[in-house]
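K.L.:
The task is simple: from the sequences and hints, build the whole structure.
235 is the number of the first residue of the sequence shown in this note's numbering; add one for each residue after it.
Simulated from the structure, these hints should not be mistaken for lab results.
It is possible that part of the hints are untrue.
What follows is a set of in silico ranges between Cβ atoms, one per label pair, in the way DEER data are often shown [claimed, not checked]: (1) PHE433 with PRO237: 13 to 23 Å; (2) LEU309 with ILE421: 48 to 58 Å; (3) GLU470 with ARG540: 29 to 39 Å; (4) ILE532 with PRO366: 43 to 53 Å.
Once the Cα atoms are required to be at most 20 Å apart in a straight line, the calculated DMTMM-like pairs of lysine to aspartate or glutamate come out as [unchecked claim]: (5) LYS354 with GLU486; (6) LYS469 with ASP526; (7) LYS288 with ASP275.
Think of the CB as a built atom: it goes at the ideal place given N, C-alpha and C, for glycine as much as any other residue.
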Amino acid sequence: MDPITHGVVGLAMAAFNGEAISIASPYAMSSLLGAVIPDADIVMQIKGDYSYLKNHRGMSHSFPFIFLYGGAIALVLSFLYPEASFLKMFLYAIAGCVSHLLLDITNSYGAQILWPFYNKKITLDLLLVYDPLLFIVSLAIIIPSIKNRIHPIITLSMLIVYLFIRYWMKLHVKNKVVSYFKDGGEIIFVRVLPSMVGFVKWHFVVRVKGKRIIGEWNLLSAKIRVIEVMNDLDKELFKAVKNTKIAKFFAEFTPLFHIRCHKTDKGYVYSFIDLRYYVAKDFLHHATAVMDENFKLIASVFHPYRKTRNIEI
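P.N.:
If you want it as structure tokens, here you go:
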């Protein structure tokens, strides 16, 4: 979720509890700071996209860390608001942090909220990276003129209904996809993900023996569009690359990826594709590994956001 939405949700939580949305309110500020502080891991961007994307939404987005954030926020604000309750600021900051973690697991990127007990990122694949309805509903709780006309409980109820609708949409799409591909061989798994660009569009990855099928389902047209069919990599070719640094990084970076390999005059070129995000007729994140004829690694490059962006690994 984007930082602005996180901040607005944090303020909405304070407003819902009757706090004034003002810089003079220590509790509203605690909630706001708690809602955005997990994304402080953006400081890793100083070391480049590789370090940032490798660490983003890692342990900084875990439940153990929220207590550190809450304590730090309450401590700093206690100097700015000496008469405010330290415990209350701490609890508001914790609430803001929890909202951040819960929102981040609703989209396809996920977060390691259970670190260090469970190191994989958890994701619910429900909301868009930027969800306008969530933003609007949060504003409705904050803005006094709207808040006075529509009780915050009603607004919150609308948000809960919206989340149930998104969950129903996801299940509906999954059932349609399974029904559509069930005659094409045994389905090993299906993952349905929200589109990056449309409320009624969902992307899916279907794993059957020997291949992956990537496609899109439009709820309005009720039609499936197959984007691409990707054949599995030969086992020996996969074995040659799986222990390289770029392969290990990509496996940690995304749980949903595909590897291609083509032979060249001087060796082999492996292409790694993150299947979670499809936009502008291409996948968002890629990587490349170049090997000689003896499968000795010559070069490995990460391509975040676009193929022309090159970061040596």
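K.L.:
Against which earlier hints does the structure fall short, listed by number upward?
P.N.:
none
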